[in-house]
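**Q** Spelled out from the first residue to the last, the chains are:
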Amino acid sequence: MTGPAIPLSRSAGEVGPRTGAGEGAGGWIRTFAVNVLVAVGAALIGLPLVLTLYLSLFDEKLITYPPRGYTFSWYPAIIPNFGGPLLVSAELAGLAVIASLLLGVPAAIGLYRHRSRLSSAVAAFLLAPITFPDIALSLAIYVFLVLIEQLTTLEFVGFTGLVLAHVLITTPWVVRLCLASLANNDTAAEEAAASLGARPVIVIRRVTLPAMRAGIVAAALFAFIVSFDNLAMALFLAAPGVTTLPVAILEYLEYHIDPLVAAVAVAQMLIIGTALLVLDRFVSIAQVGR
Amino acid sequence: MSEAASLVLDQVSRRFGDHAAVAGMSLTILPGELVVLLGPSGCGKTTTLRMIAGFLQPTEGDIRLDGRSILPLPAHRREMGIVFQSYALFPHLSVARNVAFGLEMRRMPKPDIAAQTSAMLRLVKLQDLTERLPRELSGGQQQRVALARALAIHPRLLLLDEPLSNLDAGLRAEMAREIRLLQRDRGITTVMVTHDQAEAMALADRLVVMRDGRVQQSGRQEDLYERPANPFVASFIGGSNVLSGRLDVDRLVLAGGAAIALAGRYAAGDRRAARLPESEAEAGAARLRVHHQSAGRDAGLVGQERTACVIRRGPRRGRRCRCLLPPRSWL
Numbered sequence: 001m002t003g004p005a006i007p008l009s010r011s012a013g014e015v016g017p018r019t020g021a022g023e024g025a026g027g028w029i030r031t032f033a034v035n036v037l038v039a040v041g042a043a044l045i046g047l048p049l050v051l052t053l054y055l056s057l058f059d060e061k062l063i064t065y066p067p068r069g070y071t072f073s074w075y076p077a078i079i080p081n082f083g084g085p086l087l088v089s090a091e092l093a094g095l096a097v098i099a100s101l102l103l104g105v106p107a108a109i110g111l112y113r114h115r116s117r118l119s120s121a122v123a124a125f126l127l128a129p130i131t132f133p134d135i136a137l138s139l140a141i142y143v144f145l146v147l148i149e150q151l152t153t154l155e156f157v158g159f160t161g162l163v164l165a166h167v168l169i170t171t172p173w174v175v176r177l178c179l180a181s182l183a184n185n186d187t188a189a190e191e192a193a194a195s196l197g198a199r200p201v202i203v204i205r206r207v208t209l210p211a212m213r214a215g216i217v218a219a220a221l222f223a224f225i226v227s228f229d230n231l232a233m234a235l236f237l238a239a240p241g242v243t244t245l246p247v248a249i250l251e252y253l254e255y256h257i258d259p260l261v262a263a264v265a266v267a268q269m270l271i272i273g274t275a276l277l278v279l280d281r282f283v284s285i286a287q288v289g290r
Numbered sequence: 001m002s003e004a005a006s007l008v009l010d011q012v013s014r015r016f017g018d019h020a021a022v023a024g025m026s027l028t029i030l031p032g033e034l035v036v037l038l039g040p041s042g043c044g045k046t047t048t049l050r051m052i053a054g055f056l057q058p059t060e061g062d063i064r065l066d067g068r069s070i071l072p073l074p075a076h077r078r079e080m081g082i083v084f085q086s087y088a089l090f091p092h093l094s095v096a097r098n099v100a101f102g103l104e105m106r107r108m109p110k111p112d113i114a115a116q117t118s119a120m121l122r123l124v125k126l127q128d129l130t131e132r133l134p135r136e137l138s139g140g141q142q143q144r145v146a147l148a149r150a151l152a153i154h155p156r157l158l159l160l161d162e163p164l165s166n167l168d169a170g171l172r173a174e175m176a177r178e179i180r181l182l183q184r185d186r187g188i189t190t191v192m193v194t195h196d197q198a199e200a201m202a203l204a205d206r207l208v209v210m211r212d213g214r215v216q217q218s219g220r221q222e223d224l225y226e227r228p229a230n231p232f233v234a235s236f237i238g239g240s241n242v243l244s245g246r247l248d249v250d251r252l253v254l255a256g257g258a259a260i261a262l263a264g265r266y267a268a269g270d271r272r273a274a275r276l277p278e279s280e281a282e283a284g285a286a287r288l289r290v291h292h293q294s295a296g297r298d299a300g301l302v303g304q305e306r307t308a309c310v311i312r313r314g315p316r317r318g319r320r321c322r323c324l325l326p327p328r329s330w331l
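Sequence order for the protein chains is A and B. Counted from 1, the first sequence has number 3 at position 3 by my numbering; the numbering is strictly sequential. Counted from 1, the second sequence has number 297 at position 297 by my numbering; the numbering is strictly sequential.
FYI, nobody ran anything at the bench for these hints, they're computed from the structure. All residues carry an ideal CB built from backbone N, CA and C; glycine is no exception. Accuracy of the hints is not assured; some may be wrong.
Claimed, not checked - Below, simulated SDA-like cross-link-like pairs (lysine to any residue); rule was C-alpha separation at most 25 Å, straight line:
#1 A:Lys61 to A:Val247
#2 A:Lys61 to A:Glu251
#3 B:Lys110 to A:Leu57
#4 B:Lys110 to A:Glu254
#5 B:Lys110 to A:Ser73
#6 B:Lys110 to A:Pro200
#7 B:Lys125 to B:Pro72
#8 B:Lys110 to A:Ile204
#9 B:Lys125 to B:Arg177
#10 B:Lys110 to A:Val247
#11 B:Lys125 to B:Arg77
#12 A:Lys61 to A:Leu276
#13 B:Lys110 to A:Leu270
#14 B:Lys125 to B:Gly139
#15 A:Lys61 to A:Arg199
#16 B:Lys125 to B:Arg97
#17 B:Lys110 to A:Leu250
#18 B:Lys125 to B:Leu167
#19 B:Lys110 to A:Leu209
#20 A:Lys61 to A:Thr71
#21 A:Lys61 to A:Glu254
#22 B:Lys110 to B:Leu93
#23 B:Lys125 to B:Leu93
#24 B:Lys125 to B:Ser138
#25 A:Lys61 to A:Ile257
#26 B:Lys125 to B:Arg156
#27 B:Lys125 to B:Arg135
Stated by the list, open to error - Output of the computed footprint for chain B on chain A, the stretches with three or more beta carbons under 8 Å from beta carbons of chain B:
#28 186-193
#29 207-215
Stated by the list, open to error - Short, incomplete list of chain A residues facing chain B, as computed with Cβ under 8 Å:
#30 Pro76
#31 Leu196
#32 Gly197
#33 Arg199
Please work from the sequences and hints to get the whole structure.
**A** Put into structure tokens, the structure is as follows:
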């Protein structure tokens with residue numbers, strides 16, 4: 001947490017002596033202020049996480065402070081209570097990530113290559129779902145899917161509908177992040193590949209996609225988190241037997257307020273955190289190696 | 001290795017909306033020749049190169065390689081080696097893989113690719129850096145990789161787009177020499193685009209000066225230097241000062257009354273000594289125009305304001321300097 005404060009204070013300290021004795025104190029105050037700000041920022045982000053972790057170790061049926069003692073026993077209880085929903089959420093998020101990558105990556109390449117007034121309109125349209133309140137969007141999707149179910153004999157409400165809805169909210173992130181990764185792309189590299197005999201498809205596979213690699217990985221991660229964490233869609237679209245983790249947590253909280261929820265939250269943080277670290281490593285290796 | 005190809009541009013035009021980036025350009029490039037398209041930015045030289053490469057289709061005209069039109073061919077089937085201003089190396093591939101890229105596209109057997117790649121890298125003296133990534137190389141080294149990558153496929157044509165403009169001055173001369181040697185050695189027909197006349201002078205077999213999408217003049221360095229077709233070419237090729245004034249019978253009267261004596265009659269393109277007067281009037285004048293004395297007399301231009309002669313090197317008061325007389329077409 002103090003990591004970022006060190007280089008900041010050092011650079012401020014270097015300025016200090018040169019500005020003379022009178023302003024030396026000012027430099028010190030600035031350094032101090034920067035450090036305080038960094039500490040406050042870190043605390044704002046870190047404290048809830050630390051408190052959740054702390055809470056998950058309480059040896060109490062009801063959350064009371066101070067606790068009688070501490071225990072790890074909530075963690076083994078996660079799988080029996082939340083194993084099913086965890087799996088559903090993971091499966092859902094996985095499918096949503098794959099589908100939104102399949103849609104969003106080509107869309108980003110297309111939007112990047114053919115820039116016009118129409119393409120910026122399309123780009124704005126593709127981002128629109130982010131700007132909608134989740135709950136309104138999910139209600140609309142629910143009504144829409146029910147309408148379709150009435151017109152056809154297909155069944156959408158349930159897992160299929162959830163996947164479709166999640167693709168809707170994850171695709172904008174994919175498009176956005178992929179477009180960002182293409183922003184400083186060198187089109188000359190693509191032309192160079194073409195001049196060396198690469199067909200357009202090969203150019204995309206061998207040059208464009210590798211250049212987007214970091215963006216695609218970030219997009220996949222964001223899409224996964226957005227989907228995994230989404231409550232609103234599942235509230236409307238979940239069918240019996242299809243309960244996602246956020247819904248399961250909410251339902252659990254109606255009857256129990258115990259540290260198990262905190263333990264689930266920590267587990268979720270660990271899963272996503274690990275994914276982040278692994279992906280980050282994978283991407284940097286991809287950029288350094290090969 | 002295949003025989004060097006000849007390239008013909010036949011009345012090629014390219015319009016973007018109402019703007020003609022290239023207008024009716026015709027040019028014949030002989031096998032093995034290195035032709036430099038030279039001109040200020042926006043003159044259409046890069047557009048021309050992109051049309052040859054296949055990244056742009058001309059709106060009119062034809063481009064022929066060895067007598068056959070290449071317009072129906074997409075860029076990836078034109079077999080042209082291109083070196084870009086930004087080098088455009090593949091950032092995720094090692095030096096060797098960059099050079100091998102074109103050979104992989106040709107489905108060459110792996111051992112042949114390896115052999116060809118290392119031969120190319122030896123040629124550009126990068127045999128010790130094969131596993132480096134482009135961003136671990138200096139600008140000059142990246143330039144060499146780009147050149148090796150372009151040459152590895154034995155292209156029918158080598159296209160160089162401002163290949164030296166991102167290098168520092170010292171390296172530029174060295175790279176220019178290397179490019180020239182490689183190009184001569186392989187006898188590959190080459191088109192290079194630049195806005196830098198010194199670069200163009202150093203490298204070219206033939207120069208094509210362009211402006212506003214049109215060819216102003218095409219010829220060898222001496223031709224352009226000694227017999228520039230118009231004031232634009234004269235001022236673009238080499239450091240020069242164009243003097244202007246009122247023509248008297250044997251002298252040029254500059255604004256303020258100072259005069260330059262013009263010696264004798266001379267044919268267009270002759271070099272003669274002219275004495276620059278010591279006078280306040282033209283002391284600060286870097287852009288002056290002098291009349292062609294003989295032409296003035298012949299055409300009865302005495303007393304008129306016309307462009308006439310170009311003085312090479314900066315005119316210094318009281319010094320003799322070389323005075324180059326343009327062709328009569330200017331007058």
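**Q** None of the hints should be skipped; say for each whether it holds.
**A** Status of each hint after checking the structure:
Between the alpha carbons of Lys61 (chain A) and Val247 (chain A) the distance comes to roughly 21 Å, so the proposed pair stays at or under 25 Å and holds. Restraint check: the Cα-Cα separation between Lys61 (chain A) and Glu251 (chain A) comes to about 17 Å, which is no more than 25 Å; the hinted pair holds. Under the criterion of a C-alpha separation no larger than 25 Å, the hint pairing Lys110 (chain B) with Leu57 (chain A) is inconsistent with the structure, at around 59 Å. Of the supplied pair hints, the one linking Lys110 (chain B) and Glu254 (chain A) is violated, its CA atoms being roughly 65 Å apart against a limit of 25 Å.
Distance restraint check for Lys110 (chain B) and Ser73 (chain A): the Cα-Cα separation of roughly 58 Å exceeds the 25 Å cut-off, and the hinted pair is therefore not satisfied. About 23 Å separates the Cα atoms of Lys110 (chain B) and Pro200 (chain A), which keeps this hinted pair within 25 Å; it holds. For the suggested pair Lys125 (chain B) and Pro72 (chain B), the alpha carbons sit about 37 Å apart, so the restraint of at most 25 Å is broken. For the suggested pair Lys110 (chain B) and Ile204 (chain A), the alpha carbons sit about 23 Å apart, so the restraint of at most 25 Å is met.
The straight-line distance between the Cα atoms of Lys125 (chain B) and Arg177 (chain B) is roughly 14 Å, inside the 25 Å bound, and the hint therefore holds. Our distance criterion of 25 Å between C-alpha atoms is broken by Lys110 (chain B) and Val247 (chain A), whose separation comes to about 55 Å. With a C-alpha separation of about 29 Å, the suggested pair Lys125 (chain B) and Arg77 (chain B) falls outside the 25 Å cut-off, and the hint is violated. Distance hint between Lys61 (chain A) and Leu276 (chain A) is unfulfilled; the C-alpha atoms sit about 33 Å from each other, more than 25 Å.
Between the alpha carbons of Lys110 (chain B) and Leu270 (chain A) the distance comes to roughly 45 Å, so the proposed pair goes past 25 Å and is violated. Between Lys125 (chain B) and Gly139 (chain B) the CA atoms are separated by roughly 14 Å; this keeps the pair inside 25 Å, and the hint holds. Our distance criterion of 25 Å between C-alpha atoms is broken by Lys61 (chain A) and Arg199 (chain A), whose separation comes to about 65 Å. Between Lys125 (chain B) and Arg97 (chain B), the direct Cα distance comes to roughly 16 Å. Compliance with the 25 Å bound is thereby established for this hinted pair.
The suggested pairing of Lys110 (chain B) with Leu250 (chain A) is violated, with an alpha-carbon distance near 59 Å, which exceeds 25 Å. For the hint pairing Lys125 (chain B) with Leu167 (chain B), the CA-to-CA distance comes to about 17 Å; that is within 25 Å, so the pair holds. Taking the CA atoms of Lys110 (chain B) and Leu209 (chain A), the gap is about 24 Å. The hint holds against a cut of 25 Å. Taken as a hint, the Lys61 (chain A) and Thr71 (chain A) pair is honoured in the structure, with Cα atoms around 12 Å apart against an allowance of 25 Å.
A distance of roughly 15 Å separates the Cα atoms of Lys61 (chain A) and Glu254 (chain A); the hinted pair therefore holds under the 25 Å criterion. Proximity of Lys110 (chain B) to Leu93 (chain B) is assessed by CA-CA distance (about 17 Å); at most 25 Å being required, the pair is judged to hold. The straight-line distance between the Cα atoms of Lys125 (chain B) and Leu93 (chain B) is roughly 19 Å, inside the 25 Å bound, and the hint therefore holds. Straight-line distance between C-alpha atoms of Lys125 (chain B) and Ser138 (chain B) comes to about 14 Å, which keeps the hinted pair within the 25 Å bound.
Distance hint between Lys61 (chain A) and Ile257 (chain A) is fulfilled; the C-alpha atoms sit about 8 Å from each other, no more than 25 Å. With a C-alpha separation of about 23 Å, the suggested pairing of Lys125 (chain B) with Arg156 (chain B) holds against the 25 Å cut-off. Among the hinted pairs, Lys125 (chain B) with Arg135 (chain B) is consistent with the structure: their alpha-carbon atoms are about 18 Å apart, no more than 25 Å. For the region 186-193 of chain A, the assignment as covered by chain B holds, since 6 residues bring a beta-carbon within under 8 Å of that chain's beta-carbons and 3 suffice.
Counting residues of the region 207-215 of chain A whose C-beta lies closer than 8 Å to any C-beta of chain B gives 4; at least three are required, and the coverage claim holds. The closest approach between the C-beta of Pro76 (chain A) and any C-beta of chain B is roughly 44 Å, which is over the 8 Å cut-off, so the hint fails. At about 3 Å, the closest approach between the beta carbon of Leu196 (chain A) and any beta carbon in chain B falls short of 8 Å, and the interface hint on this residue holds. Satisfaction of the interface hint for Gly197 (chain A) is found here, the shortest Cβ-Cβ separation to chain B being roughly 4 Å, below the 8 Å cut-off.
For Arg199 (chain A), the suggested interface contact is upheld, since its CB lies about 6 Å from the closest CB of chain B, less than 8 Å.
Figure legend: structure checked against the earlier numbered hints; hints not met, in rising order: 3, 4, 5, 7, 10, 11, 12, 13, 15, 17 and 30.
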